[in-house]
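There are 2 protein chains.
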Amino acid sequence: MNTRTSKTFEALFALEDIREVLRQALPTGPDAAEEAELKAGVARVRAILDDLEAGTGNVHQPKIAGILDVRSREEEYINIQPIQAAGRLTPEARKALIAYGDGYSTCDACRKPFRLDKIQKPPIAAFHEDLAKFVNMDVARVVPGARRGFQAVASSLVNKGDPVIVSGLSHYTEFLAVEGAGGIVREVPISKEHLVEPDRAAEKIEEVIRSDGKTPALMMIDHVDYQFANIHDIKGLTKVAHQYDIPFLCNGAYTVGVMPVDGKALGADFVVGSGHKSMASPAPSGVLATTDEWADIVFRTTAMTGDVTNRKFGIKEVEMLGCTLMGGTLMAMMASFPAVRERTARFGEEVKKSNAFIKGLLEIEGTEVLSEYPRKHTLSKVDTTGSFDKVAQVHKRRGFFLSDELKKRGIAGEFAGATRAWKLNTYGLSWEKINYLTQAFQEIAEKYEIPVNKGHIQN
Amino acid sequence: MNTRTSKTFEALFALEDIREVLRQALPTGPDAAEEAELKAGVARVRAILDDLEAGTGNVHQPKIAGILDVRSREEEYINIQPIQAAGRLTPEARKALIAYGDGYSTCDACRKPFRLDKIQKPPIAAFHEDLAKFVNMDVARVVPGARRGFQAVASSLVNKGDPVIVSGLSHYTEFLAVEGAGGIVREVPISKEHLVEPDRAAEKIEEVIRSDGKTPALMMIDHVDYQFANIHDIKGLTKVAHQYDIPFLCNGAYTVGVMPVDGKALGADFVVGSGHKSMASPAPSGVLATTDEWADIVFRTTAMTGDVTNRKFGIKEVEMLGCTLMGGTLMAMMASFPAVRERTARFGEEVKKSNAFIKGLLEIEGTEVLSEYPRKHTLSKVDTTGSFDKVAQVHKRRGFFLSDELKKRGIAGEFAGATRAWKLNTYGLSWEKINYLTQAFQEIAEKYEIPVNKGHIQN
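Quick note, the sequences are listed as chains A and B, same order. Offset between the first sequence (1-based) and the numbering used here: plus 648. Offset between the second sequence (1-based) and the numbering used here: plus 648.
For reference, chain A alone in the conformation it holds in the complex:
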């Protein structure tokens, strides 16, 4: 770890130790021993700051609880890991985690009717309304990950043996949600261009009705899929679904929080997003939004009564299991939200940067992009079989040579050892980082005598 990063963590940790002294002190204030501890703590932070400023001092990698190394990937590297890019926390989210880390920190002012999404202070109720508006749906709930959104919908709508339409590009968590509900996945075949097309979806529905003897209970399609990150024609697909009265879930794990998503314009009955994938939020977090039509079904409240005590828990929602995301996870999601809302409007610029980088990569002879091109998203699947993999074939480190070279240049998040088809994500990188990244890949190519045809690729 470099000195400044190390010193920044050391200072943060030393301040947490100071904070702990305050926590242990009586309301009357620190006693003499605690005062001395505070003084020593402040002196320690001051010394760390001197080193931080000068970039001097010993780097002793701080360990947490004696077992956990500090993670400094985001401080020390340009991180192109496919699923991490848009989940990276904003500084405000990190501050919220600091202030609200304690388990039930959101619940100080929980009053009747005792449900998370009704809490006014902090403004959790207002956030739920904002979230629904953000994806232009009527009602929203936070959930512990997009997968828990799929689960809630599948569990509400799918009965044993029911077919559910997914696609050949569906994420595994959709499979699991259907399986958990007792349903069976039926995939829409993807086109040669790796797209889920409305016509094929219609054919599939017809086929399922014939073979399974019933209309699918649900259709779940990824707005942008995890394999190629192609943008699929959700509007066309919801039209098809609705012709058969099939409710439609739009999996926005790669779209909600990075690009504008208008659930009503898309015609979706459910929009699911991922906090840790695309909303600059901690894991596990996500959002499930729906229309007034479906809210009463998916967010139905409990009907169970204790047979002896006659207890009822009227307002608690069965699929949400009551409250969902307490504490810092939710507060960090809320702290990132203003920035997240704002950044979706700038998605065009993100796509430009994505294309600039991919163009640079394509200039390396033998490299291909497997995702639709020009790119419409920042996650891309590339194929370097004709370029870097040729080096890997004869290098003693095999595919890891590329990881080694990237690491030397301060780049992380490639799939270590992979030099054929692999994915990367440029979301949120500055133009300076994009240029640096492009140059780094081209430099590595040149070092291993792979021709780089600058200015060759159009997009």
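If you are wondering where the hints come from, they were derived from the structure by calculation, not from laboratory data. Be a bit skeptical, because a hint or two may be false.
All copies of an identical chain are treated as equivalent in the list; a pair is satisfied when it fits inside any one copy or across any two copies.
[To be verified] List time: in silico DSS-like cross-link candidates among lysine-lysine, alpha-carbon distance up to 30 Å:
#1 LYS1024 / LYS1055
#2 LYS1024 / LYS1038
#3 LYS887 / LYS1038
#4 LYS883 / LYS808
#5 LYS766 / LYS1055
#6 LYS711 / LYS1038
#7 LYS887 / LYS1102
#8 LYS687 / LYS711
#9 LYS1044 / LYS1056
#10 LYS808 / LYS960
#11 LYS960 / LYS1029
Assemble chain B onto chain A, guided by the hints.
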């Protein structure tokens, strides 16, 4: 907010701003503008430290993202909130949240077979083994809250219309988990002493077999219940359950992480714990542990195959929906774990402190404890109808007079406005805080001329 607390947060936040400069810089290091920003940031922290040390300077309550107030309940108050006490983070957990807050921070070294509980670095796989040992069960998984543990078990074992034995003291999330699975709750009536007794459980099972025409699919009982925090005879209850071949889930939301829990000695088939309630962990977190006998059922892997692509996601567990707790939530749980393991051995001391406080409260004439007494736990239900409520009856602030008085003395977490039956938790408070707390309540009583009979109560 007091000056020192405010300055501590200001310093932490200013350091996060410094960290952000490092994050935005190229791998080649900060440029001139960034260097200037770092320098200014360090100067800012230094100025804050001066104030922090001297306890001087303006307190301007820092706002997060312009919308969230900083929470300082743990720094400025003795917090007796019933569900918050044992979820309060350790300093190590707070450091883990700082270092691992980014969504997928746990996944840097995720390799085949791509499942959270198999990750070696950070040592997540080892933590799962430790967790299982901790509750003396064979296998454990982390889950987003105890409720998600109930859900996984109910979803695996309970079919439509199946009766499930709970108790008259069961938590609402158990009701919801059964309802979600399509089952029906059947409550064991509680005794006059507010205990769930094995004999009554046996009677209830017999009754259910007669009335519902089938043996209950599951029995779920709270080790310590949320209403009185009484300790129930789980060992006796599992024996009864097993006489009828009913699998038994022990809800350890108030025990796992605060007192020793030996799942095998209790005879439980499932032990569920809550991270944010009792393991000094962020929300939502928890643990679901089971025996080898049941692991294959509750942690069954997916059997679903894509009908077009033939895709299979073999090792992913259906009920877990693949991975469960990524990022800082899990890492903070791991960071607290050494302290949590250690503190369960000191539960006797916690109970002593709990009793010392309750004794002091009972010395206030007219006050009663509704939980079993002497206390065996730190969560207690007390009844102040005969003491503080008499004041509330004639006070212009009604029951809020007590909250006002407590707040003045730096005590928070009572149920605001409640002066009849209410709950509190002394978990983790030092003897100094216990004594301060006791004295504060007695002082308030004396101020309002409620007699305090010091030395009167035995325990």
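Status of each hint after checking the structure:
Proximity of LYS1024 and LYS1055 under a CA criterion of 30 Å is satisfied intra-copy only: 28 Å inside one chain copy versus 55 Å between copies. When the C-alpha separation of LYS1024 and LYS1038 is checked against a cutoff of 30 Å, the pair qualifies only within one copy, where the shortest distance is 29 Å, while the shortest distance between copies is 68 Å. Taking identical chains as interchangeable, the C-alpha atoms of LYS887 and LYS1038 are never at most 30 Å apart, the minima being 46 Å within one chain and 65 Å between chains. Proximity of LYS883 to LYS808 under the C-alpha cut-off of 30 Å is restricted to the intra-copy arrangement: shortest distance 29 Å within a copy versus 36 Å between copies.
With identical chains, the CA atoms of LYS766 and LYS1055 are at most 30 Å apart between copies only, with a shortest distance of 25 Å across copies and 47 Å within one. Taking the closest pair of Cα atoms, LYS711 and LYS1038 never come within 30 Å of each other, the shortest separation being 40 Å inside a single copy and 54 Å across copies. For a Cα distance limit of 30 Å, the shortest separation of LYS887 from LYS1102 qualifies neither inside one copy, at 44 Å, nor across copies, at 75 Å. Taking identical chains as interchangeable, the C-alpha atoms of LYS687 and LYS711 lie at most 30 Å apart whether they share a chain (23 Å) or sit on different chains (26 Å).
With identical chains, the CA atoms of LYS1044 and LYS1056 are at most 30 Å apart within one copy only, with a shortest distance of 17 Å there and 70 Å across copies. In this homomeric assembly, LYS808 and LYS960 come within 30 Å of each other (Cα to Cα) both inside a single copy, at 28 Å, and across copies, at 20 Å. Only between protomers do LYS960 and LYS1029 lie at most 30 Å apart by alpha-carbon distance; the minimum there is 21 Å, versus 51 Å within a single protomer.
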